[in-house]
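A.B. asks: One letter stands for each residue in the lines below.
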Amino acid sequence: MPEKIGIPRGLFFYDFFPFWDTFFNETGFEVVVSEPTNKRIMEQGLKYCPDEACIPVKIFFGHVLEIKDNADYIFIPRYTSVSKGEYVCPKFGGLPDMIKHLLADLPPVISTEINLRSSSKQGKKALYEIGGLLGIDEERTREAGCKALRAYYEYKKILRKGFLPLDILDCHEENKPNINIKLKQSDYTMKIAVIGHSYNIYDNFACMNLIKKLRETGADIYTIEMADEEQIENCRNKLDKKFFWYFGTRAMASAFEIIKNKDVDGIIYVMSFGCGIDSFTAYLIESRIRKETNLPFVVLTIDEHSGEAGFNTRLEAFIDMISWRRNNEDNVPAYGQHVCVCESPT
Amino acid sequence: MKITFPHMGNTFVCVKALLDEFELDYTIPPYNNKNALEIGSRYVPELACLPLKITIGNIIQAWKEGADTVLMTGGRGPCRFGYYCEMYKQILDDIGCKMDVITLEWPDKGLPELLKRVKRAAGTINPYRIIKAVKNATQIAIKTDELEKLSFFTRPREVIKGTTDKIYGKFLSDVQKARGSRQIKNIIESAGNQLINVEMKKDFKPLRVGVVGEIYSIIDPFTSFNIQTRLGNMGVEVDRKVTVSNWIVEHMIKNALHLPRNMKFAYEAKPYLETMIGGHAQETIGYSALYAKQEYDGIIHIYPLSCMPEIVAKSILPQIQKDYGIPVLSITIDEMTGEAGYITRLEAFIDLLYEKRLKDKSTA
Chain W
77 MPEKIGIPRG LFFYDFFPFW DTFFNETGFE VVVSEPTNKR IMEQGLKYCP
127 DEACIPVKIF FGHVLEIKDN ADYIFIPRYT SVSKGEYVCP KFGGLPDMIK
177 HLLADLPPVI STEINLRSSS KQGKKALYEI GGLLGIDEER TREAGCKALR
227 AYYEYKKILR KGFLPLDILD CHEENKPNIN IKLKQSDYTM KIAVIGHSYN
277 IYDNFACMNL IKKLRETGAD IYTIEMADEE QIENCRNKLD KKFFWYFGTR
327 AMASAFEIIK NKDVDGIIYV MSFGCGIDSF TAYLIESRIR KETNLPFVVL
377 TIDEHSGEAG FNTRLEAFID MISWRRNNED NVPAYGQHVC VCESPT
Chain X
203 MKITFPHMGN TFVCVKALLD EFELDYTIPP YNNKNALEIG SRYVPELACL
253 PLKITIGNII QAWKEGADTV LMTGGRGPCR FGYYCEMYKQ ILDDIGCKMD
303 VITLEWPDKG LPELLKRVKR AAGTINPYRI IKAVKNATQI AIKTDELEKL
353 SFFTRPREVI KGTTDKIYGK FLSDVQKARG SRQIKNIIES AGNQLINVEM
403 KKDFKPLRVG VVGEIYSIID PFTSFNIQTR LGNMGVEVDR KVTVSNWIVE
453 HMIKNALHLP RNMKFAYEAK PYLETMIGGH AQETIGYSAL YAKQEYDGII
503 HIYPLSCMPE IVAKSILPQI QKDYGIPVLS ITIDEMTGEA GYITRLEAFI
553 DLLYEKRLKD KSTA
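Chains as they are written, first to last, in our numbering: chain W, 77 to 422; chain X, 203 to 566.
Calculated directly from the structure, the hints in this document are not laboratory data. Just so it is clear, the structure is predicted and the values come from calculations on it, not from any experiment. Positions of the beta carbon are idealized from the N, C-alpha and C atoms, including for glycine. Possibly wrong hints are sitting among the right ones.
Think about it this way: if two alpha-carbon atoms lie no more than 27 Å apart in a straight line, the pair counts; the simulated DSS-like pairs of lysine-lysine are [as the list claims (entries may be wrong)]: (1) W:317 - X:311; (2) X:495 - W:176; (3) W:367 - X:300; (4) W:160 - X:456; (5) X:466 - W:176; (6) X:311 - W:336; (7) W:176 - X:456; (8) X:291 - W:338; (9) X:472 - W:144; (10) W:144 - W:197; (11) X:472 - W:160; (12) W:160 - X:311; (13) W:336 - X:291; (14) X:291 - W:314; (15) W:317 - W:160; (16) X:321 - W:160; (17) X:472 - W:200; (18) W:367 - X:291; (19) W:317 - X:456; (20) X:300 - X:236; (21) W:197 - X:472; (22) X:300 - W:314; (23) X:524 - W:123; (24) W:317 - X:204; (25) X:472 - W:201; (26) W:144 - X:524.
Now the stretches of chain X that chain W is said to cover, found in silico as 3 or more residues with beta-carbon under 8 Å [what the hints assert, rightly or not]: (27) 240-252; (28) 479-493.
Please model the complete structure; the sequences and the hints are all you need to start from.
C.D. replies: Structure below.
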């Protein structure tokens with residue numbers, strides 16, 4: 077029986093799961109993943125997590141509690157930095173310490189630090205460290221690491237085609253989408269950009285099926301995962317001071333793309349209450365978008381008290397507004413002067 | 203060009219000395235006040251942290267007095283403070299305050315950009331003048347902090363209540379009128395002499411409480427509702443390791459010159475928090491463990507709502523409380539905090555510490 081490694085379905089799950097899945101499978105472990113977030117998982121997390129933390133961290137606590145009895149190890153790496161010159165978030169850096177001190181009776185926690193801030197070579201070091209902890213020899217770690225990296229790039233490629241992480245990771249084997257087909261643009265009635273942390277927008281429970289609801293209205297969805305390296309580098313050069321947050325750079329890069337191409341009909345910013353990075357990025361993106369375009373922009377804040385009805389009302393109003401704008405906009409305001417000129421919708 | 207800068211406790215003393223050294227025209231915004239916070243809360247995004255709200259208030263108040271350039275320091279993250287400068291630019295631009303923001307930090311574009319900024323701010327890049335000015339400002343920061351520390355010592359012990367506050371209050375108002383580092387140093391020195399000569403109770407052992415937390419909210423008296431003075435007047439000796447001078451010496455000067463920093467707190471924090479996670483979380487944990495080892499009576503942990511590093515620290519502090527049996531009080535502050543509720547909690551905590559001391563004494 078291979079030993080089991082538990083990976084909680086939270087935080088960076090939707091960004092890096094394919095990498096770790098391949099890595100642990102290749103080194104002869106069985107990967108156990110908690111089920112998609114549900115009410116019970118969230119409530120478990122709420123019980124133990126400090127109340128000031130943001131909802132994704134609380135949900136992560138729930139996922140850890142969910143799998144702790146089914147796994148021999150729990151994998152909670154310390155994601156200090158996953159890109160050059162940028163950090164993730166202080167809470168990610170302190171997550172293993174928070175978990176260890178607040179949750180009791182955990183199986184051994186693998187909390188290797190992943191810090192690619194100075195150079196990506198540190199990633200290799202982290203892999204060897206994980207390998208060392210689990211008793212895997214170096215040769216095998218290296219091979220598995222290469223395979224995992226390939227799987228990760230493959231996953232990234234699929235995401236750029238327009239598929240979303242939850243299409244690939246959250247469904248059962250049989251109804252997985254055929255990733256070789258090209259998505260047809262003509263099927264959609266509008267294109268909505270959803271900007272937010274992957275762990276908020278792809279967690280169907282936390283953001284109350286936002287993606288599903290948008291798709292039901294016939295919207296094509298653009299997310300920050302679709303910005304490529306070149307666009308991200310572009311964004312860094314445009315800013316007076318680079319963001320030192322992984323998320324900030326990517327969100328801003330996609331905002332720049334939206335401003336440049338104006339190919340979306342509306343922008344939804346999903347913010348979790350209490351998120352420090354969102355509080356700054358949302359403001360900076362909003363004021364840029366409002367200044368340079370006239371695209372509809374809405375910020376939806378989520379936390380554990382969010383009521384789905386209120387959320388739906390705001391979402392429906394937003395979608396209605398976009399479609400009305402398309403049909404009825406005449407650009408003539410009541411007070412007789414053009415305040416702005418919309419590009420004629422096609 | 204009229205320079206201004208945001209407030210943080212007594213930082214204005216050393217910044218004033220620095221600007222005087224270059225003979226620049228500047229205006230110090232009114233000392234932190236309710237009005238500044240109200241102005242700030244109006245323009246700053248709701249979920250941003252409290253220091254941003256107050257400092258934006260400072261800057262707008264200074265703008266009304268004619269300032270047009272903001273001096274600010276930066277940072278490399280992951281704490282939000284490092285991006286304050288960019289938020290200032292965006293917010294001031296959005297509300298139509300035409301102000302320049304000069305960030306004194308190592309810029310992305312390297313040395314030429316830094317020199318350009320220094321030249322813009324100071325009007326000179328003469329290294330001799332800059333080094334002399336920085337040296338003087340640093341000395342003043344250290345002296346101001348020593349004076350404050352002395353006031354922490356005398357306040358609980360003074361025989362006539364209010365003596366320390368009177369001397370310290372006079373120092374704050376005098377120093378605003380002074381010009382040049384020599385005058386400022388003299389004022390600090392005379393205030394120090396007066397404090398040493400304050401008549402003190404003998405054989406009085408006050409409770410000792412360590413204050414830890416996010417730097418702005420513990421250094422700035424307005425933000426923390428004068429916690430240090432308040433506790434001192436309750437007969438409690440306060441200690442705070444995070445200071446302005448410490449920040450200048452350790453973070454700015456030693457970092458810039460690549461000198462080894464004093465990492466005692468990191469060593470103490472290691473069993474609880476393994477790495478630097480930004481802000482002052484590591485300091486909070488490290489100093490708490492240190493206070494516990496030095497047998498302080500209690501620890502008060504203060505941070506602004508939604509402060510990312512301190513949330514991590516807060517979730518670890520109960521472990522220190524358990525391990526050492528030292529009471530810890532965590533207080534969150536934001537623009538909605540009511541003073542009365544806050545003081546009630548403080549008083550209850552101090553009462554508890556007194557009781558604990560009596561109980562420990564009777565069992566020992």
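A.B. asks: Okay, which hints does this one fail, numbers in order?
C.D. replies: When the structure is compared with the hints, numbers 7, 10, 16 turn out to be violated.
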